[in-house]
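K.L.:
Here is what each chain is made of, one letter per residue.
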Amino acid sequence: MTLLEVRELTKRFGGLVATDGVSFSLGAGEILGLIGPNGAGKTTLFNCVAGAFAPTRGEIRLEGEAIGGLPPERVAALGVARTFQIVRIFRSLTVVENVMVGAMLREKGIAAAERIALDTLAFTGLERSAGDPASLLTVAEQKRLEVARALATRPRLLLLDEVMAGLTPSEVGEAVDLVRRIRARGIACIVVEHVMEGIMPLADRILVLDRGRKIAEGTPAAVAADPAVIEAYLGDGGRAPGP
Amino acid sequence: MSRLPSRRRLLAIAAAAVVASLLPLVVKAPAAQNTAILMLMTAQLGVAWNLLGGYAGQVSLGHAAFFGCGAYVSTFLLLRLGLSPWLGMAAGAVAAAALSMVIGWPCFRLRGHYFAMATIAVGEIVQAVVANWDALGGAVGLYLPVAEAGWRGLVWNTTKLPYYYVALGLLVLTLLVSAAVVRSHVGYYLRAIKDEPDAARSLGVSLTRYKLVAIALSSALTAAGGTLYAQKELYIDPGSVLPTALSIKVALVAILGGVSTLSGPIVGAVVLTAIEEGSRRAFGGTGRGTDLVIYGLLIIAVAVFRPAGILGILERRRHLAARGEEPRPAPAAGGQGT
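First to last, the protein sequences are chains A and B.
In terms of this note's numbering, the first sequence opens at residue 1 and continues consecutively.
In terms of this note's numbering, the second sequence opens at residue 1 and continues consecutively.
Rather than coming from a laboratory, the hints here were simulated on the basis of the structure.
In this text, all values refer to a predicted model and were calculated from it rather than measured experimentally.
We treat Cβ as the ideally placed atom computed from N, Cα and C, and that holds for glycine.
One or more hints might be untrue.
To be clear about the criterion: a stretch of chain B counts as covered by chain A if any three or more of its residues have a C-beta under 8 Å from a C-beta of chain A, and this derived list gives those stretches [as the list claims (entries may be wrong)]:
id	stretch
1	124–137
2	171–185
3	191–199
Sample of chain A residues with no beta-carbon within 12 Å of chain B, all distances over it, derived [as the list claims (entries may be wrong)]:
id	residue
4	Asn-38
5	Glu-97
6	Ser-135
7	Ala-150
8	Tyr-233
Work out the full structure, taking the sequences as your base and the hints as a guide.
P.N.:
What follows is the structure, encoded as structure tokens:
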């Protein structure tokens with residue numbers, strides 16, 4: 001069953017075409033990797049789906065309902081949650097309070113929201129820090145807190161923007177494990193990632209963007225062997241994505 | 001948020017209530033009583049401002065417009081229709097809430113300093129409009145009738161003491177409303193909006209809706225304080241109830257005391273009012289502005305050394321004591337308060 005359908009999505013900023021006619025679809029519970037060199041338009045595409053940007057052209061449908069151009073709070077209410085590339089936790093709140101703000105989308109009562117938040121913290125392995133000020137967490141923990149906060153909104157689709165950037169190899173392993181457990185709950189994920197050892201074993205399918213266009217789509221192995229993908233990475237002075 | 005254990009906290013609140021209600025029976029000098037009334041009225045305005053400026057982080061420098069709205073609406077209705085000031089207070093609060101939402105709708109599109117600047121402009125505009133509005137007495141102002149003294153008319157002539165209890169009641173009401181908001185999901189949302197508005201939106205929080213809730217409540221409570229002022233002074237004009245200096249003072253009270261606590265503005269109000277009255281007594285007419293100089297120095301000191309305000313300093317000491325650490329020197333300017 002198709003959960004998300006993106007058709008001919010274009011987003012311009014003045015003369016710059018950040019995303020140029022990109023189409024893809026995503027099934028319920030599927031993990032889609034979104035990769036590409038810097039400036040490929042990954043985050044722009046991501047922000048269009050999350051409602052942060054209104055698309056210039058094209059359609060975004062969530063279970064058939066058009067969500068392109070809706071404000072982020074409406075998109076969130078319809079079941080799309082996200083994290084941010086640069087963490088945006090609520091620094092003056094405690095860890096559990098951060099997650100409660102997410103839980104309150106479905107449950108306005110304080111006690112009930114706190115119960116959901118504590119469950120979600122246990123799921124993400126942050127339960128021991130529940131009462132601590134969120135600003136005291138390490139970067140890896142802050143990224144996990146953003147995931148917990150997003151999960152507490154009970155999404156159908158979770159958008160993860162570089163949750164593995166800057167993590168140690170063992171932390172990347174934990175993050176991969178967490179995303180797998182999220183999918184096991186039936187939540188589909190779009191994972192924007194530069195960390196190839198994180199995304200390659202995780203994604204069911206990978207979509208490669210370069211300069212706003214889709215240049216490849218397929219299984220991680222097929223994408224890694226694709227000459228156009230290798231060209232895009234090496235052409236930018238980067239390295240080919242390896243599994 | 002204060003993290004005192006709830007029993008100790010209840011005891012502290014009960015003790016504060018007893019001291020506050022018995023204070024005028026001990027302190028009988030009219031001048032001292034008047035200072036105490038000013039402290040309560042200033043504290044009430046600071047607590048009301050704090051809902052919007054502190055918890056939601058939308059720094060308003062135009063709250064005098066709402067204060068004046070309360071004073072003018074109740075006074076106008078009293079003079080024209082003979083309406084009881086109690087009903088006038090409610091009418092003023094409703095009018096201020098409506099005015100605030102009209103102002104908030106466009107101004108909330110602005111973030112940070114731009115919002116604060118827009119509220120200064122709104123305050124100035126309201127002041128200019130009222131100063132040229134004949135039905136409201138223009139620049140001359142309005143005199144309230146010296147009616148029969150008593151609770152019904154909210155007027156007393158020979159003693160100021162009842163005003164003390166009205167101000168105390170209004171402060172308690174404002175604290176109760178604020179506490180109810182802060183403990184509800186609205187309070188969590190306001191703090192989230194203050195910290196990271198985009199993240200709050202991504203979690204389904206409508207920024208406009210919750211900022212409007214905050215400004216409506218904050219301005220309604222501020223207007224109630226305006227009505228009390230009019231009933232106490234029995235004379236209002238744009239210079240006394242609408243000046244930008246008043247807007248700034250209300251914000252200072254909250255910022256000095258500590259913006260992320262319910263009781264911070266009370267501490268700020270006591271300190272600022274004491275400075276104001278003290279310098280007035282010490283320097284008289286020649287020292288005009290001395291209190292403002294001291295305010296300014298205090299604000300600089302708070303901004304540089306302790307962005308969390310006076311209560312933030314105490315809170316931090318308690319935290320450190322609980323962990324068995326010595327308080328360390330303040331972080332450098334611009335450091336994040338935790």
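K.L.:
Please go over all the hints and tell whether each is borne out by the structure.
P.N.:
Hints versus structure:
no.	hint	in the structure
1	124–137	violated (count 0)
2	171–185	holds (count 3)
3	191–199	holds (count 7)
4	Asn-38	holds, 22 Å
5	Glu-97	violated, 7 Å
6	Ser-135	violated, 6 Å
7	Ala-150	violated, 8 Å
8	Tyr-233	holds, 30 Å
Against the hints set out earlier in the document, violations occur for numbers 1, 5, 6, 7.
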